[in-house]
Amino acid sequence: MTFFRRYAQHYGALVGLAILSGVLLVALLAPLIYPVSPWQGVGEPLLGPFEDPAFPLGTDMLGRDIAAGLAYGARVSLLIGVVSTAVAVVIGVSIGALAGFYGGRIDDLLMRFTEFFQTIPAFAMAIVLVAIFNPTIASITLAIAVVSWPPVARLVRGEFMSLRSREFVQAAVVVGQSGPRIMLTQILPNTLSPIIVTASLMVATAILTESSLSFLGLGDRNMMSWGFMIGAARTMLREAWWMSVFPGVAILITVLAINLIGEGLNDAMNPHLRGRKG
Amino acid sequence: MDMQTTPLLRVDNLSIPLPAGLDRTYAVENISYELNAGEILCVVGESGSGKSMTANAIMGLLPSYLKPSDGRIVFRGRDLLAMSEPELERERGRSVAMIFQEPLSALNPLMKVGEQVAEVMLVHGEGDAASRERRVLELLDFVGLPDPASLRHAYPFRLSGGQRQRVMIAMALALEPAMLIADEPTTALDVTTQAQILELIRRIQAAKGMGVMFITHDFGVVADIADRVVVMERGLVVEQGVAADVLNRPQHPYTRRLIAAVPHREDGTSRTDAGGETLLEVKQLSKTYRSGGGLFSKARVVKAVDEVSFSLRRGETLGVVGESGSGKSTLGRCLLKLTDVDGGEIRFRGQDIVPLSPGAFRPMRRHVQMIFQDPFSSLNPRQTIGRILTDGPVANDVPLDRAQARARELLGLVGLEPSAFDRYPHEFSGGQRQRIGIARALALDPELLVADESVSALDVSVQAQVLQLLQDLQRKLDLAIIFITHDLRVAAQICDRVAVMHRGVIVECGPPAQIFDAPRHAYTRQLIAAIPGLAWNPRQAVM
Amino acid sequence: MKTLDFLFQRLVKAAFVVLGVVILNFLLIHLAPGDPAAVMAGEAGAGDEKFIAQLRAQFGLDQPLWWQLLTYLKSVLTGDLGFSYRNNVPVAALIMERLPATLLLTASAFLFSLVLGVLLGVLAAYKRGKLADSLIMTGALVFYATPLFWVALMAVLVFSIHLDWLPPFDMESIGADYTGWARFADIAYHLVLPTVTLGLFFTALYTRLTRASMLEVMSLDFVKTARAKGVPKARIIRRHVLRNAVLPVFTFASIQAGQLVGGAVLTETVFAWPGIGRLMFDALLQRDYPVLLGVFLVTAAVVVTVNLVADLLYRIVDPRIEAAG
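Residue numbers (the numbering used here), protein chains in the order written: chain A, 626 to 903; chain B, 43 to 585; chain C, 66 to 390.
Just so you know, not all the hints are guaranteed correct.
Said to hold, decoys possible - Some chain B residues flagged as far from chain C (calculated, every beta-carbon gap over 12 Å):
(1) Arg114
(2) His166
(3) Ile267
(4) Asn290
(5) Asp384
(6) Arg424
(7) Asn579
As the list claims (entries may be wrong) - DSS-like mimics (lysine-lysine), calculated; alpha carbons at most 30 Å apart, straight line:
(8) Lys289(C) - Lys195(C)
(9) Lys109(B) - Lys289(C)
(10) Lys192(C) - Lys298(C)
(11) Lys345(B) - Lys325(B)
(12) Lys154(B) - Lys192(C)
(13) Lys195(C) - Lys109(B)
As the list claims (entries may be wrong) - Listed next, the stretches of chain C that the computed footprint assigns to chain A, with coverage defined by at least 3 CB atoms under 8 Å from CB atoms of chain A:
(14) 74 to 86
(15) 151 to 159
(16) 169 to 178
(17) 209 to 220
(18) 322 to 328
(19) 342 to 352
(20) 356 to 362
Bear in mind the hints are in silico, worked out from the structure with no lab data behind them.
Every residue, glycine too, gets a C-beta built ideally from N, C-alpha and C.
Between the sequences and the hints, there should be enough to build the whole structure, so can you do that?
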């Protein structure tokens, strides 16, 4: 209960939650509102916004409905954002937990591996991965996951290392609990708050990365996405500003909303607000 | 103005309200006391008594959510609470100076220490660069720091805790303030360093005729340096007076309780032949830490435990006493195989446990248990007390229902309500948590308990209760206890034998009476001489 | 730890990262769907059987995998990053020709974002809770959520198309043939929009980091010591808080250098900036895999070098590191 009250005290976080719920709703209802594929031209080409009530956000050079594109694009953005983050969190938590708990050689090895992935330019690597394996929703999701797990691994390793030397964990060793059991039941539950906060912010970054990839033409050919719409609008910048402005605003407010939620979660879960000294 | 009759500082009916939602309304309530020029006033109390709060109020350093609601703080005739921030800035450092508890974090890590001392003079517009530099050298020398000429160019991380506290004192003295506030300045230091710093504060107080307000929780320290004493409890001043009176003829029940709880060697209670058969035998145990090093440089090698040997019988308590870095905690960790051992034997019931793999040792773990130092971090915040107490037995194949029944029994044994079973650690006080920690250790019916600084984090009154509990349990359960502590007074009070550790070596071992009355090793003598309040016997106070 | 050990350790680490990327590239060529030779040839070269056969022979593609890896390593380490059939130039030459433009863009965006971000972050922390703080942090929040490429497009829309203040494309005015100062000014003029649009996201990031770091340092004990000495607030910020707060931001920024290079791909694409980012985009369109992999390797090498230099600089600035080692 107190968690929700603390979260609700964060005004921005509530706004973020409201916006994200809206985006989610649109994404879920897209096929109902726009039964026709967003790739299909449905109206006159290059209608400006608010010119025709049937196409409030206008149409592109092929007469495709911008609003329909945005609705379907929300599905791709949220799907890839959430799934790639989930994969990255699983990889990062596993590697970080093993490195932080066992330390020594295992830690050295896993951390060199992590540092390698952290050093090389993430976006360039995502481009190469998607290009080589052909852009599909699976390859894009995996590529984003592969470039975004290292910060999770480092975070979890740090938490595990510090909790490892905490006295309650030493006590678990002393009473004879096994290593894996200690990791799962003693340490992991105590690292959940920072993992959740990081994961929420990673969803935002993943959405930005996905839109950048599809802007470069590395999107799934079968799915409409916001980045693709902006990429297609690039050559029409002079003639049809709305083609690039609206998808950009969609990305902006979605990412902003998720960041606000992340900050709200951080404040609500912030360990030093819980006060050790009571 | 007549300095003879007017006190240097008068705190007058000061009240500071706490933000809503805490366990009490005032941090300090209607407190009044005076500090005269040329005296040391000790403000003593347990944690949460509000003793530091007044010091911060005097300096104008209270956090923004705390504002005095009532009263005055009159310093040399002027009310500090009525002063503007720029006015206060002029007074701070010039006429009132302050030193803090944590010398490690009280200095700017990226500024040379000489520069930090010089800054006091600089911001108050004192002297020019050359004269300030001379003064810095003079001050560093005065507080007893070696080689001031090169030391002033050092960064704080190069200095030991004691040296940093000396730098803080040099900084405080720079403009010869009329008043010095010392907020637990020796609490984070080792006893021998503490003794030196106390000596230094006494010396400069006498030399400069300052008024010193010394905040502490330790009656031993009070006995050593106080002229007058103010005793605080939960935001109230409960007693004040001349040091000798308060220490030896305390009036208020709270003061009496505190003084009765001060650890002190009990006369004639130590059992010289406690216990029976030998339970533990340690031979030539060694543990070395290596750090750094590479192709072009040598690794640092620290012998944390250096060929240590001792033995322990059932029902016996062995105290391991030493300062930080003496290797006493590492020794405890070695006995529990929480760290690798480099050499030697640990024979437990005749079997050497050193060569055992972690897996082979795990079934034996239940016989050797540990009580930890920090009551806040030694319990998993996300588990109920019931879970904490049953995890161990369950890991050792005890059926859950039996483990739970035993856990409820243990709660009673350590003096807690059975309802504690379903509650979480944050609902308990430090002392209660330490009792839970003891119950956890007992849940496995161990034969040997290792207690690592298990009462150091507790207030004296709670400390006394926990020590009493440990002694009772030991008698009831015939436990052997290794009691690791930095506090010779505590060790002397409850141990049958005391081993003094210094730089990884046990320099001396024997019954408390011998250690205290006829110490053989120079280091032991030094340690005993450094005990705060050595000349004062709290057991002779008239209650 | 001594400086020599540190230097040695860091060099080895850097070398391993570069080696790792080479091996990664090799694995990608083999994991990609289809014939490795076709990948190495790129889409344009895959149709030329003579070229494919030549690649097979050169990289021993009918030999065991470990032998192929060694051959590949050898060729990369001798500076041969493959051949771009499409452009009819060795990949290494293509990249070297484009690299300076990217270095110029990323360096100026890095400086822009770091200087502005730290300044704004310090200001926000100093004015905590005031209007200036809210404005700065709202701006940072927005730009932290804005896609780079979209900011670039919007900037073109506003500053080039509508206001006609700044050039939307290229690094120099075509056909102007300026020399000396005039050329310098011309490039600087073209550099403004790409720098700002690439830098804004990072400015937002560093602003947030700096503010958080400042507030954290301001709560530390030594700041209280300084106040107890009678040091005025402005001087506390300047002399005690600033350095302690900004050092970690610098470390973070140097680690982030790789992200900046990634962002350059997008910025260069929008502004037709003749750097390796644009080269990467063109290679994508043309499925010119050797160029793609080559650019990836070179960007990684650049980032590793930047990190190495940053580590060494940091060691000079922070006195504690040598002891902590």
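Now the hints, each set against the structure:
1. Arg114: Non-interface label on Arg114(B) holds, nearest chain C Cβ at 21 Å vs cutoff 12 Å.
2. His166: The assertion about His166(B) is violated, with a minimum of 6 Å to chain C.
3. Ile267: 21 Å, holds
4. Asn290: Holds, because the least Cβ-Cβ distance between Asn290(B) and chain C comes to about 35 Å, which exceeds 12 Å.
5. Asp384: 23 Å, holds
6. Arg424: About 26 Å separates Arg424(B) from the closest Cβ of chain C, which puts it past 12 Å; holds.
7. Asn579: Consistent with the label, Asn579(B) stays out of reach of chain C, its closest Cβ about 36 Å off (over 12 Å).
8. Lys289(C) - Lys195(C): 22 Å, holds
9. Lys109(B) - Lys289(C): 17 Å, holds
10. Lys192(C) - Lys298(C): Given that 30 Å is the threshold and the Cα spacing comes to 12 Å, the pair holds.
11. Lys345(B) - Lys325(B): 16 Å, holds
12. Lys154(B) - Lys192(C): Holds - the C-alpha atoms of Lys192(C) and Lys154(B) are around 28 Å apart, at most 30 Å.
13. Lys195(C) - Lys109(B): With Cα atoms ~21 Å apart, Lys195(C) and Lys109(B) stay inside 30 Å; holds.
14. 74 to 86: Contact hint for the segment 74 to 86 of chain C vs chain A: holds, 5 residues under 8 Å.
15. 151 to 159: violated (count 0)
16. 169 to 178: violated (count 0)
17. 209 to 220: holds (count 9)
18. 322 to 328: holds (count 5)
19. 342 to 352: Coverage by chain A holds here, the residue count being 5 at a Cβ distance below 8 Å.
20. 356 to 362: holds (count 4)
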